[in-house]
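Keeping their order, the protein sequence lines are chains B and A. Residue numbering for the first sequence follows our numbering, beginning at 1 and increasing consecutively. Residue numbering for the second sequence follows our numbering, beginning at 1001 and increasing consecutively.
Read the hints as simulated data drawn from the structure, not as lab findings. Heads up, the beta-carbon is just placed ideally off N, CA and C, and yes, glycines get one too. No incorrect hints appear here.
Okay, derived cross-link-like pairs now, DMTMM-like style, lysine to aspartate or glutamate, Cα gap no bigger than 20 Å in a straight line: (1) K1122/A x D58/B; (2) K240/B x E230/B; (3) K69/B x D1211/A; (4) K122/B x D1071/A; (5) K240/B x D163/B; (6) K1122/A x D64/B; (7) K1069/A x D120/B; (8) K1122/A x D71/B; (9) K122/B x D1046/A; (10) K1069/A x D71/B; (11) K1122/A x D46/B; (12) K1069/A x E184/B; (13) K1002/A x D1084/A; (14) K122/B x D1058/A; (15) K1122/A x E81/B; (16) K69/B x E1184/A; (17) K69/B x D1120/A; (18) K69/B x D1129/A; (19) K69/B x D1071/A; (20) K1069/A x D129/B; (21) K122/B x D1064/A; (22) K1202/A x D1188/A; (23) K1069/A x D211/B; (24) K122/B x E1081/A; (25) K110/B x D90/B.
Simulated DEER-style distance windows between Cβ atoms: (26) E1184/A x P65/B: 17 to 27 Å; (27) R1016/A x R50/B: 51 to 61 Å; (28) E1105/A x R212/B: 41 to 51 Å; (29) K1002/A x A210/B: 40 to 50 Å; (30) T1322/A x P183/B: 52 to 62 Å; (31) A210/B x P1283/A: 32 to 42 Å; (32) G106/B x K1002/A: 21 to 31 Å; (33) R1145/A x R224/B: 47 to 57 Å.
Protein chains: 2
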Amino acid sequence: MKIAQVTPLYEAVPPRLYGGTERVVAHLTDALVDLGHDVTLFASADARTRARLVPVRDQAMRLDPAPLKSDLAAHMSQLAEVLDRADRFDVIHFHTDMVHFPFFEGWADKTVTTLHGRLDLKDLAPVYDRWSEFGLVSISDDQRRPLPHANWRATVHHGMPGDLYRFSPRSQGYLAFLGRISPEKRPDRAIEIATRLNKPLKIAAKVDAADRVYWETVIEPLVRGNPLVEFVGEIGDAEKSAFLGGADALLFPIAWPEPFGLVMIEAMACGTPVIAYQWGSVPEVIEEGVTGFIVDDEDEAVAALRRLPDLSRQTVRARFETRFSAHAMARRYEDLYGRLDEAAQPPRLTLAQSA
Amino acid sequence: MKIAQVTPLYEAVPPRLYGGTERVVAHLTDALVDLGHDVTLFASADARTRARLVPVRDQAMRLDPAPLKSDLAAHMSQLAEVLDRADRFDVIHFHTDMVHFPFFEGWADKTVTTLHGRLDLKDLAPVYDRWSEFGLVSISDDQRRPLPHANWRATVHHGMPGDLYRFSPRSQGYLAFLGRISPEKRPDRAIEIATRLNKPLKIAAKVDAADRVYWETVIEPLVRGNPLVEFVGEIGDAEKSAFLGGADALLFPIAWPEPFGLVMIEAMACGTPVIAYQWGSVPEVIEEGVTGFIVDDEDEAVAALRRLPDLSRQTVRARFETRFSAHAMARRYEDLYGRLDEAAQPPRLTLAQSA
Chain B
1 MKIAQVTPLY EAVPPRLYGG TERVVAHLTD ALVDLGHDVT LFASADARTR ARLVPVRDQA
61 MRLDPAPLKS DLAAHMSQLA EVLDRADRFD VIHFHTDMVH FPFFEGWADK TVTTLHGRLD
121 LKDLAPVYDR WSEFGLVSIS DDQRRPLPHA NWRATVHHGM PGDLYRFSPR SQGYLAFLGR
181 ISPEKRPDRA IEIATRLNKP LKIAAKVDAA DRVYWETVIE PLVRGNPLVE FVGEIGDAEK
241 SAFLGGADAL LFPIAWPEPF GLVMIEAMAC GTPVIAYQWG SVPEVIEEGV TGFIVDDEDE
301 AVAALRRLPD LSRQTVRARF ETRFSAHAMA RRYEDLYGRL DEAAQPPRLT LAQSA
Chain A
1001 MKIAQVTPLY EAVPPRLYGG TERVVAHLTD ALVDLGHDVT LFASADARTR ARLVPVRDQA
1061 MRLDPAPLKS DLAAHMSQLA EVLDRADRFD VIHFHTDMVH FPFFEGWADK TVTTLHGRLD
1121 LKDLAPVYDR WSEFGLVSIS DDQRRPLPHA NWRATVHHGM PGDLYRFSPR SQGYLAFLGR
1181 ISPEKRPDRA IEIATRLNKP LKIAAKVDAA DRVYWETVIE PLVRGNPLVE FVGEIGDAEK
1241 SAFLGGADAL LFPIAWPEPF GLVMIEAMAC GTPVIAYQWG SVPEVIEEGV TGFIVDDEDE
1301 AVAALRRLPD LSRQTVRARF ETRFSAHAMA RRYEDLYGRL DEAAQPPRLT LAQSA
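Bound-form chain B, shown alone:
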């Protein structure tokens, strides 16, 4: 099939450091190429891809040092480029939330839109009502909860390439926390859990400007001078396998409706089980007693960590490969694209758009 992938322009594809959506787009795109499709990626020029690249900006926006830029303008220019070529594709797959809807009203039946963010925002429902001809993909079933009546076509869990992560048959005796320092990610709980078990904890995380006060007033005082806790800052792909693979478990003590939680499957790819709080996508990603444990509070987390020896790191990796490889993700999207393509073949009833 001839497939267009349309990514947000905030991070490079894949991102140089932090960044979820563009990482998923990068590996989905390459996996679709591996399946034999003719794939075109509309992204900034710093993308690394096996697909045909249409560069729509000189570089990704977040790390662009230009002092003044407009993310709306950048995405509008990108979408104009896609629209100019719309008739060349069988499927146009958007990862850009909703900004493309007014551009592609005439092409909605050959589009797929994956929503990557949380959906409990006040202004969203009227937009997904108004442009209900656009078929949507959720990245977990739980993500749909605030918009149950939107035009959902499938849930497709994220996947990552297995060869990006090194399997660790043995861990090094510490717990790991990886992500962003923020109240919804609850690094304070990770510290409390490690303290109760008297077990070392390594924290690899970025601190956004918006979270600096939380870091300085809540987390840093718990880390400073604490012999159990090591803060290693933000890490890139090259360091992830050692960091995650060396851990007895990844702690994922979130307190928000996480739409997916990429770090859980990155840990699984290294053979590392996950202790996760029951929020958002967690019950869909973690298989209780197989790839980790799902808990509701610190007591349960401590009890779960004592049961880690019951789990097999080989099995954790095997479950990653079955459920969360980039290949598995690409196969599920391929199925969905195929169904669109059938629906779009004549003879068919005219799909009158609602006024």
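Based on the hints, put chain A in the right spot on chain B.
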């Protein structure tokens, strides 16, 4: 004429406190009603207007306490409402930068788009190229400088209703600074100028979260314990006349390409002259030696302040009424709308849109 006004949704129309664009839209809309036009305002439900209001959100976004909201989604829903009624209007006047372009491609010849912000942002040029069928209005000639080849139709300076401001025939012996505490507004220069003249300075300004560090490290130390400087915080319309009217002069010591600078004409409406640094719109707004003085540095500002007795506060107010009343602004837009309307009458050549 049947006229639609489409405002940004960040502040109420007019704003309860700070806010420039929505203040201009409010008074343009009312002045067009006064001129006998049939005006429809697409705004949040907290608008106060003499036009027909189509409420497109329950309240303006910035002061909405909802924790999670999407400004793009809110504006997309608004524009969908406008589009549903597009055939009812002779003119649709947008104040929403560019977000409406993909919606109104079929109606471009009866739209006017006023750009309210600075235009030296990296991503803008390709967008105004791509949608060049949309006629644009600048709020000063200087504002056009980064986009000289855009489809400019007119410059229309802002106006305010004269009865909103009380003329003060006599001042109270202090200098005034009104706006936002930020490095580009240079309140530090205002303090230096007042200090050199040993003259009291009153600062009325909001401090955004983004400018808190600048406030705490640069400005607050200059204000604290300084007997010459009084900081009165953010003020609303009710207090503006007393604050501005009591001043010998407004200090406007900016260091950025200000697209218009509403506070300059608010001071003039009170009869208060303006000492302004030569940036952006300043030479178009201030008449040298009549409504104020235009300066390049602190020495010139101090010298200009010594010449204040040469200026007549009555003349300053009179120049405001001639050049910057809401009525004057509405007349200029009315001219522009009329020219659109003529252009759109048959017989005419088909305006083929570029591909």
